[in-house]
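From just these sequences and the hints, can you work out the full model?
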Amino acid sequence: MRGSSVNLLDKTMALKLPIYLDNNATTPVDPRVVDAMLPYFTEHFGNAASRNHPFGWKAEEKVEEARETIAKLIGAKSGKEIIFTSGATESDNLAIKGVAHFYKEKGNHIITCKTEHKAVLDSTKRLEREGFDVTYLDVDDNARVDPEAVRAAITDQTILVSIMLANNEVGTVQPIEEIGKITREKKVFFHVDAVQGVGRVPFDVEAMNVDLASITAHKMYGPKGVGALYVRRSKPRVRLLAEIDGGGHERGMRSGTLNVTGIVGFQAAAQIMIDEGQAEIERLRGMRDRLRNKLWGALDELVLNGADDPWRHPGNLNVSFSFVEGEAMMMAIKDVAVSSGSACTSASLEPSYVLRAMGVDEEMAHTSIRFGIGRFNTDEEIDYVADLVISQVGRLRDLSPLYEMHKEGIDLKSIQWEAH
Amino acid sequence: MAYSDKLIEHYENPRNVGTLDKGDDTVGTGLVGAPACGDVMRLQIRVNPETQIIEDAKFKTFGCGSAIASSSLATEWIKGKTVEEANALKNTQIVEELNLPPVKIHCSVLAEDAIKSAIADFREKQKKQEDKG
Chain A
0 MRGSSVNLLD KTMALKLPIY LDNNATTPVD PRVVDAMLPY FTEHFGNAAS RNHPFGWKAE
60 EKVEEARETI AKLIGAKSGK EIIFTSGATE SDNLAIKGVA HFYKEKGNHI ITCKTEHKAV
120 LDSTKRLERE GFDVTYLDVD DNARVDPEAV RAAITDQTIL VSIMLANNEV GTVQPIEEIG
180 KITREKKVFF HVDAVQGVGR VPFDVEAMNV DLASITAHKM YGPKGVGALY VRRSKPRVRL
240 LAEIDGGGHE RGMRSGTLNV TGIVGFQAAA QIMIDEGQAE IERLRGMRDR LRNKLWGALD
300 ELVLNGADDP WRHPGNLNVS FSFVEGEAMM MAIKDVAVSS GSACTSASLE PSYVLRAMGV
360 DEEMAHTSIR FGIGRFNTDE EIDYVADLVI SQVGRLRDLS PLYEMHKEGI DLKSIQWEAH
Chain B
0 MAYSDKLIEH YENPRNVGTL DKGDDTVGTG LVGAPACGDV MRLQIRVNPE TQIIEDAKFK
60 TFGCGSAIAS SSLATEWIKG KTVEEANALK NTQIVEELNL PPVKIHCSVL AEDAIKSAIA
120 DFREKQKKQE DKG
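In order, the protein sequence lines correspond to chains A and B.
Count the first sequence with numbering that gives the first Met the number 0 and you get residues 0 to 419, in order.
Count the second sequence with numbering that gives the first Met the number 0 and you get residues 0 to 132, in order.
Think of the hints as simulated: they come from the structure by calculation, not from any bench.
For each residue, glycine too, the CB sits at the ideal point set by N, CA and C.
Some hints could be false.
Said to hold, decoys possible - Covered stretches of chain B (chain A as the covering partner; in silico rule of three or more C-beta atoms under 8 Å from a C-beta of chain A):
(1) 12-18
(2) 39-49
(3) 59-73
Shown next as structure tokens:
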């Protein structure tokens with residue numbers, strides 16, 4: 000029998016470093032997902048396209064079952080509308096280029112927004128080089144797109160609108176339902192990169208008039224390397240030009256032997272999301288607000304980047320710690336895995352384009368830290384992180400000439416800085 | 000990014016953090032960089048006008064770990080040196096000592112600029128003094 004003192008000890012010992020708070024980047028695979036996948040590596044290893052033996056039948060059966068589960072997660076009518084891919088980047092590419100190339104006789108105009116994922120923006124940039132016209136809508140200072148701006152941008156040449164569900168950096172949720180009404184009314188296809196929000200914020204392709212949706216397993220506690228594209232089959236039917244040529248898998252839209260083990264994991268992850276997602280949203284939001292309240296209670300000059308509830312991802316807290324550079328901050332909390340919008344942390348040495356599009360000053364973008372809270376985080380971890388961040392921000396502000404000048408009442412914008 | 004132990008040590012235990020009275024005629028202040036670029040260094044020296052020896056040096060830096068470490072190292076090196084010697088310090092010495100990766104070389108350039116700017120400020124003050132006298 001375990002006494003209460005042992006339990007207490009267990010509790011303090013349970014805090015294992017480093018702590019993972021980067022769940023917007025990827026998530027660990029849920030052990031239940033791993034269990035579901037294992038037999039499909041060795042026992043049921045068949046090729047889902049093998050039509051003439053039980054190994055193939057077993058794989059195919061499971062894949063079809065997975066389509067139904069994933070369809071259910073996003074409110075699709077049928078599993079037949081789910082195309083498996085290698086991940087959301089491929090799904091975004093296939094949706095955008097596939098529609099553009101198929102419907103190019105009908106029109107050459109595409110609408111998206113400035114804070115989309117690079118998988119969307121780089122796809123539309125390639126299409127621009129091919130002669131398509133692309134409108135990149137502005138966002139407001141909360142990173143939200145105005146649905147009326149979408150309406151205003153639609154022309155008789157517009158074939159596709161692509162807007163994400165939730166932003167990966169700042170957690171802002173877009174007004175998908177309102178945009179869906181407009182695109183349906185205007186008879187323009189609507190693609191949603193739903194990678195970050197699915198299972199976390201309301202999303203239903205039928206109710207929201209979404210025609211194409213990209214999702215991926217590894218953001219929902221499934222394995223990396225498997226994603227899906229929802230492609231509406233009726234009212235209206237969406238057609239795509241395949242980007243990958245080969246054996247004609249996935250109704251000709253995406254050739255290549257199916258990643259059966261990955262798909263099995265994707266299904267298990269989706270099923271857990273269907274069963275437990277709603278309760279989990281509350282838990283995530285609770286931890287996020289616990290962190291937020293502690294930080295705001297102890298520190299001055301903090302800025303929340305992105306929209307607030309109900310238009311915020313429940314697991315995302317993106318904060319600018321004014322006068323403290325993001326990479327230095329990450330070094331100071333090196334036992335906590337987070338990410339930053341600072342230029343110093345990016346390969347390009349440019350601060351986050353998402354923050355810039357929202358109108359955040361470059362100097363504030365350099366001080367942003369993204370905390371991504373997920374299924375396996377605990378209140379104890381949140382408390383540890385909050386205390387650590389509070390003490391390190393204090394230390395780094397003591398080191399910061401800008402904080403000192405701010406405290407002396409000097410307007411930092413009045414100074415003639417020498418750019419370098 | 001993997002940083003050298005020396006860099007991390009300076010970042011975690013920076014030397015000579017603080018502020019000198021910038022109104023003092025024996026104090027030179029250098030403020031370089033820009034918040035929009037993600038790094039600002041303020042480096043200050045107190046010089047004995049007779050000997051031209053830097054008797055004290057302080058810094059505060061807004062910037063990444065390399066910027067903080069570079070300025071910490073710079074203050075450590077210039078303390079006890081003459082203004083002339085400090086002015087001859089090269090950023091490449093900082094790069095070598097902290098083993099800065101190529102993308103962080105600008106941090107060492109900024110530290111060199113901060114030293115030169117502090118010295119220039121001190122010299123200007125001294126010149127004004129002489130003109131007055």
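(message) Taking beta carbons only, do three or more residues of the stretch 59-73 of chain B come closer than 8 Å to chain A?
(response) Holds: 8 residues of the stretch 59-73 of chain B have a Cβ under 8 Å from chain A.
(request) Given that the stretch 39-49 of chain B was listed as covered by chain A, double-check it with a C-beta distance under 8 Å for 3 or more residues. (result) Coverage by chain A holds here, the residue count being 3 at a Cβ distance below 8 Å.
(message) Using a Cβ cutoff of 8 Å, are there at least 3 residues of the stretch 12-18 of chain B near chain A, or does the coverage claim fail?
(response) n = 3 at 8 Å, threshold three: holds.
The structure is consistent with each of the numbered hints, conforming to all of them.
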